[in-house]
Amino acid sequence: MNISVKWISQMLGQSLDARDTAHRLAMLGAPADSIDPVGADLDDIIVAEVELVERHPDADRLSLCKVNTGTEVLDVVCGAPNVTAGCRYPYAPVGSVLPGNFKIKRRKIRGVESLGMLCSASELGLGADSDGILELEPSCEVGSRFTDAVGLADAILDLDITPDRPDLLCHKGVARELGAVLEAPFKLLPIPGAVASTTTPVRSEMEGSVGGVTVTLEDSEGCPRYMAAAIEGIKVGPSPEWLQQRLSAIGARPINNVVDATNYILFELNQPMHAFDLDKLGGQVRIRKANQGEKIVTLDDQERDLNEGMTMICDAENAVAVAGVMGGANSEISNETTSVLLECAYFDPRTTRATRNALKMSTDASYRFERGIDIDAMSDALRRAVSLIIAVAGGRELSKPVDVYPRPRQPVTIFLRPERIEKLLGVSFPLDEVSRMLTRLGFVVAPKDGRLAAQVPGWRPDVTIEVDLIEEIARLHGYDEFPTQMIPFRPSSVPNDPIEGLKAKLRSVFTAAGLHEARSLSLGPSGGENAQPVLHPLSSEEAFLRTAILPGLVRSVEHNWAVRERDVRLFEVGAVFEKTDGMPRETLSFAAVVTGRSNPEHWSNGGKGGDYDLWDLKALLQNAVEVVGGRLDQDGNDWVVLNKDGEKIGRAGIQNADAPAWAAPVFGFEVEVTLKRSGHVAYSAVPRNPPLERDLALILPDGVSVSQVEEEIRKSTGSLLESVVIFDEYRADDLAGRSVAWRIVLRSPKKTLRDKDADQAVQRTVNSLRDRLGVELR
Amino acid sequence: MSNETARGRLAELENTLETIATASPSGLAELRNEILGRKAGKLTHLLRSLGELPPEERREIGAAANILKGRIEAAIEKRTAECESADSAVGQSEDLAMPARTLWRGNRHPVTVVVDEICEIFKELGFTRVVGPEVETDEYNFTKLNIPLDHPAADMHDTFYLSPGVLLRTHTSPMQAHTMEKYQPPIRIVVPGQVYRRDPFDPSHSPVFEQIEGLAVDEGITFVDFKAGIDYFVKAFFSKDTKVRFRPSFFPFTEPSAEIDVGCPLCKGSGCSTCKHTGFMEIMGAGMVHPTVFDRCGVDSEKYTGYAYGMGPHRITMIRHGIPDIRLLYENDMRFLGQFVE
Ligand SMILES: [Zn+2]
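Residue numbers (the numbering used here), protein chains in the order written: chain D, 2 to 779; chain V, 4 to 345.
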């Protein structure tokens, strides 16, 4: 919402600084997104008086002027025919810059040096020239800043108004709010040439008449109050300069005097108005619900399909406006219009919102109606609008305005308990101070039974319960004025969620392993038939919730490849989703990818570090499984992770990727994260006796896996076995199978083992491997 | 000495070759003495005892023993040289400016670091860390939080729906409702998590981003206490001398509501392009819990009061590191992620 600081200053009768005003408003809850100084590009221009005018010796059409800038008298060459000694003009000194980035330099014009320039209106970007340079009023002080002298200086605040404060969407509201803080009354600006309208609207409950038009209110739910005035004898044309300027300043494009007048009322009083061409209405206005299938062509020349929930303004036959949103083309005023019906209505916020949602259009009017306008201020707004139109477009009121208002609003009264203020804010306020504050904000306050009864003004639909009044007190007192003091707190009854600890563990394990934590969008293209689609996605690339993290990480690998990064190590923990008959299933998942060198290169091995391989992947996978639980199994060339019920909760292997020729294979895995119940580890005695080692090189026939062999070693070696580790694998054509070498460490907690004990144990193992698995010593 | 015994000893001595290859300088001396020592050396002893064998065996084993003696002497010599050169390598001619042998290092995502730091600070104020689902119902995302769907306040949340009534949460605030329904006050929770808004990806928006929500509910909590909690956080997170500003604002689930600005950490309040020359930066929305929220979540709004706050770790991360585009935080570029070494 654009607010002119100059306009507000005039309403409050004091000169306001733009920054200061923006700060005050921010501290009241309406911060400015931007402060846009008007005329700032003319800051260098000053008011100067021409003391002497002589003909240029070498050019008939040029004059040599002695120009008094307030501090010195300079020679300026001027080409304007109207330059006159004794008059004052805007003067651009050497070094200043005019709009359009036109730099003023010291220069010679036909042999005569000219210091600066006297400016015309167009050179200052202020509209068309009439006759040469811009002559200023003699009251403009010589040497003063031009924009100040002519009152052009202004600043536009683009206020960010929260949806609960529709009253701040106009200049009157902002002036009222600032006035409450500055304790200054505000008044509306006089309308040049206006005569105050004295007609009193005629109230009726269902039907009334104005200027020969019968107004029938059939939908009082969608339209609780409908007022209208009729004006005849107007002449549609451009608005006077002051009106155009005021609208332009706040970014509204002037259109014609009637439209400009209604827009002015909108930005001044927050009352949306609509002017119909009275002669196009056929003597009748009906406010009714739309019929299913009914259509209207709106002012923007779009045909709109209506539905039964919408409130329409209709003439005898057709819809002429979508209530509170936009007028129809069929009743639009044109240059030939001489009589208008001026609508001033209150349209129901919810109905307006539903309508503009269904029509997918939002207008200045609908924006305000759906937030709620001041129903009590409508008569004043209509009266002012009528005066304004007559002032700028001529004409006279045909009759008293009509006011169809079946159930006038009953004032809302809220009771405020003083002890509740202290309980919530932590500071106590004397009752009379509270009363004064609320009064300043427009509430009508009276003490009642130790409480305050506050009657809510019509422009504050957001205030509905006691706490809303307490906020008003805090706001007016100033949030920053409250002390900052912590009270002792009791421990939370809510325990920490252990899943957060598990995530932290995964992060610490995998960063320690050299991987970076990634974050990917959980929205993406379909990840299979289980993927949960999103309604109305932003694009097909973001139309589904992810079913897994790993594909996103592989895409990130490809991104890194695209920027010539060969070594990529990433992990991510986050939610994945699956479509079900009911609510989508949401589970926590963990994934990692590695590709490229498994260690940074080092000169000691000639820069030839090895790449990640399957066994690095297995190590990473085991790291994860240690945290989240489960066991590994083989499935083709992949590992799968099984939970204790034997369900697959993870998979690891080489990943398909769109790889450049120089890339290394991508190894990745993903595993579901659930809390595993784990107690504390029980101590087991640290052995004191020395161990004995034995190496076993075994030939494994095809089909025998190392896990079978290891299991057999454990079983048959018995309690002396401390550890068993594979240290070599050897495949050759002359072997029937492959040779795998194990190192077995034996130790007894009770005694120092002798070679004989070890040899016996190993012999047992060798025998049983041969008998049970057909595994022979090499 | 029998024939077999001699062969067995030879085999045993051959095994010592391996030990010699990795022995330390002092171990080498011991081994030399043990094997080749003039009095008790095992090999010396074996050679002396050859006379006890039959003549043909004597020749064969004698030859093998002498070959082994040569091999052992050579091995000891070689190892001695190795040890000496290792000594000199450390002591004399290495250029210690040569780079170390390193390992890859990984780090948490910069947003995670910020999230963890924020949660840690609130932990000091007694807040426990909990999380909730990303798929929610509009009842928990909106209704229980006093956000009517037919009010412009709902426009502040451009929502992804999955089916009628089911949506991707637009904030982590639904956990306020879940927690208040499940636990009795005192409640102090901080809730990090991913949230969704129908905003196309651009330098300052992402359809998915992180949020942290906090809630404190107990008897006796006031606006003054709320200000102190937030002030404590800001000073702990940014710096002790950071300015904090509370501005009135509007959120349907708090009343009074506040927007919290901090003195721009980049220009220290003097004004820069990041803070739009205001010297302040907006970092969170907060306020006293609205009584309607208490009523809808089964908490006695006459007895209890509380405060709630919400902030965006992505934005805070961008401010902290001067990251110009939120999309960088989702690209997973190794050169980007590797900058945030912990
Ligand atoms: Zn700054």
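What the hints contain is simulated information worked out from the structure, not anything from laboratory work. This one's a predicted model, so the numbers in the text were calculated from it and none came from an experiment. Accuracy of the hints is not assured; some may be wrong.
Label pairs and their in silico Cβ distance ranges [what the hints assert, rightly or not]:
#, chain 1, residue 1, chain 2, residue 2, range
1, D, Met487, V, Leu152, 50 to 58 Å
2, V, Gly11, D, Leu643, 45 to 53 Å
3, D, Ser400, V, Asp303, 52 to 60 Å
4, D, Ser400, V, Val227, 22 to 30 Å
5, D, Val203, V, Thr140, 22 to 30 Å
6, D, Phe416, V, Arg330, 47 to 55 Å
7, V, Gly341, D, Val687, 26 to 34 Å
Note that CB positions come from ideal geometry on N, CA and C, so glycine has one too.
In this structure, is the beta-carbon distance linking serine 400(D) and aspartate 303(V) contained in 52 to 60 Å?
holds, 58 Å
Supplied distance hint 47 to 55 Å, evaluated on CB atoms of phenylalanine 416(D) and arginine 330(V):
Holds - the Cβ-Cβ distance for phenylalanine 416(D) and arginine 330(V), about 52 Å, lies within 47 to 55 Å.
Verdict for serine 400(D), valine 227(V) (Cβ pair) under range 22 to 30 Å:
violated, 59 Å
Can you let me know if the beta-carbon spacing of glycine 11(V) and leucine 643(D) is within 45 to 53 Å?
Since the Cβ atoms of glycine 11(V) and leucine 643(D) sit about 51 Å apart, the hinted range of 45 to 53 Å holds.
Just to be sure I understand the hint, the distance between the Cβ atoms of valine 203(D) and threonine 140(V) should be within 22 to 30 Å; is that true here?
Distance hint for valine 203(D), threonine 140(V) is violated at roughly 51 Å.
For the pair glycine 341(V) and valine 687(D), does the Cβ-Cβ distance stay inside 26 to 34 Å?
violated, 40 Å
Verify the CB-CB distance for methionine 487(D) and leucine 152(V) against the hinted window 50 to 58 Å.
Taking Cβ atoms as reference, methionine 487(D) and leucine 152(V) lie about 37 Å apart, which means the hint is violated.
Consistency note: the structure conflicts with the earlier hints numbered 1, 4, 5 and 7.
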